[in-house]
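Number of protein chains: 2
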Amino acid sequence: MTTSTTTDVSTIREIVEDWAKAVRARDYDGILARHTPDIVMFDVPPPLQALGIDAYRRTWDVFFAWSDDPVVFDITQMEVTAGHDVAFVSALMRCSGTEKSGDRVELAFRLTMGLRKTNGHWAIVHEHHSVPAS
Amino acid sequence: MTTSTTTDVSTIREIVEDWAKAVRARDYDGILARHTPDIVMFDVPPPLQALGIDAYRRTWDVFFAWSDDPVVFDITQMEVTAGHDVAFVSALMRCSGTEKSGDRVELAFRLTMGLRKTNGHWAIVHEHHSVPAS
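In order, the protein sequences belong to chains A and B. Mapping of the first sequence onto the working numbering: position 11 corresponds to residue 15, and the numbering continues sequentially without gaps. Mapping of the second sequence onto the working numbering: position 27 corresponds to residue 31, and the numbering continues sequentially without gaps.
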């Protein structure tokens with residue numbers, strides 16, 4: 005692994021940690037800060053996919069309507085694979101909220117992110133969040 | 005996009021298409037042909053993650069026990085983002101099988117793959133399969 009890649013791994017870990025912190029603060033600008041306009045989002049609830057930054061932003065309305073306050077959105081495991089210009093992240097995470105039934109649930113979920121480096125800056129172009137099917 | 009990256013995109017599309025074809029043929033050697041020993045798999049059914057090639061192989065036992073015969077495992081949309089040494093794929097897919105209840109279902113699901121190029125060869129190091137939570 006080159007020094008350049010080690011730096012990229014640190015940078016990307018920081019981007020993901022800052023993003024999760026922004027989610028915990030319900031800070032939309034912070035959440036969207038490192039995403040491209042054409043982000044492809046596969047979220048925990050339907051629909052099958054959300055295309056583009058406006059649709060991505062609306063997935064957070066759904067999350068915050070469900071989420072506990074204060075928001076739980078914690079990274080419990082993270083693996084970063086970074087190349088010179090493309091990278092991906094796989095992580096295990098934890099959140100908690102209240103179902104329509106009124107039941108409060110804690111969810112362990114999986115996150116995969118795809119990133120691209122343009123003009124020296126890493127940006128998130130794909131996210132995939134899910135729970136195992138019951 | 006450089007010519008090298010265009011070639012990489014074609015190579016990776018072919019790897020994913022060959023993998024899906026091997027799934028349709030219930031051909032384990034073909035399914036596992038391009039995976040690294042330390043593959044991290046987030047599958048549709050539990051568990052939360054399957055670590056390593058042996059656990060990855062066992063996820064296919066679960067799939068084939070559920071799947072229709074002939075196997076349905078079709079790529080309906082695929083986006084490849086390839087750099088010099090790291091790449092990821094996001095795709096929409098379709099499969100069909102029989103639930104424990106006896107109900108036959110068709111599933112539209114999401115796939116994200118992470119790949120790494122070593123000694124000139126692309127290999128799959130991460131897969132994330134999911135359906136939206138109901």
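By construction, these hints were calculated from the structure, which means they are not laboratory data. Note that the structure is predicted; figures quoted are calculated from it, not measured. A hint or two may mislead.
Only pairs whose alpha carbons sit at most 25 Å apart, straight line, appear in this in silico SDA-like list of lysine to any residue [claimed, not checked]:
1) A:K121 / A:Q53
2) A:K121 / B:T102
3) B:K121 / A:V84
4) B:K121 / A:K104
5) A:K104 / B:F113
6) B:K25 / A:R120
7) B:K25 / A:K121
8) B:K121 / A:N123
So, going through the hints one by one against the coordinates:
1. A:K121 / A:Q53: 23 Å, holds
2. A:K121 / B:T102: 43 Å, violated
3. B:K121 / A:V84: 15 Å, holds
4. B:K121 / A:K104: This hinted pair is violated, its Cα atoms lying about 45 Å apart.
5. A:K104 / B:F113: Within the cut-off at roughly 24 Å; holds.
6. B:K25 / A:R120: It is violated: about 29 Å lies between the C-alpha atoms, which goes past 25 Å.
7. B:K25 / A:K121: Violated, because 32 Å separates the two Cα atoms, which is more than 25 Å.
8. B:K121 / A:N123: 22 Å, holds
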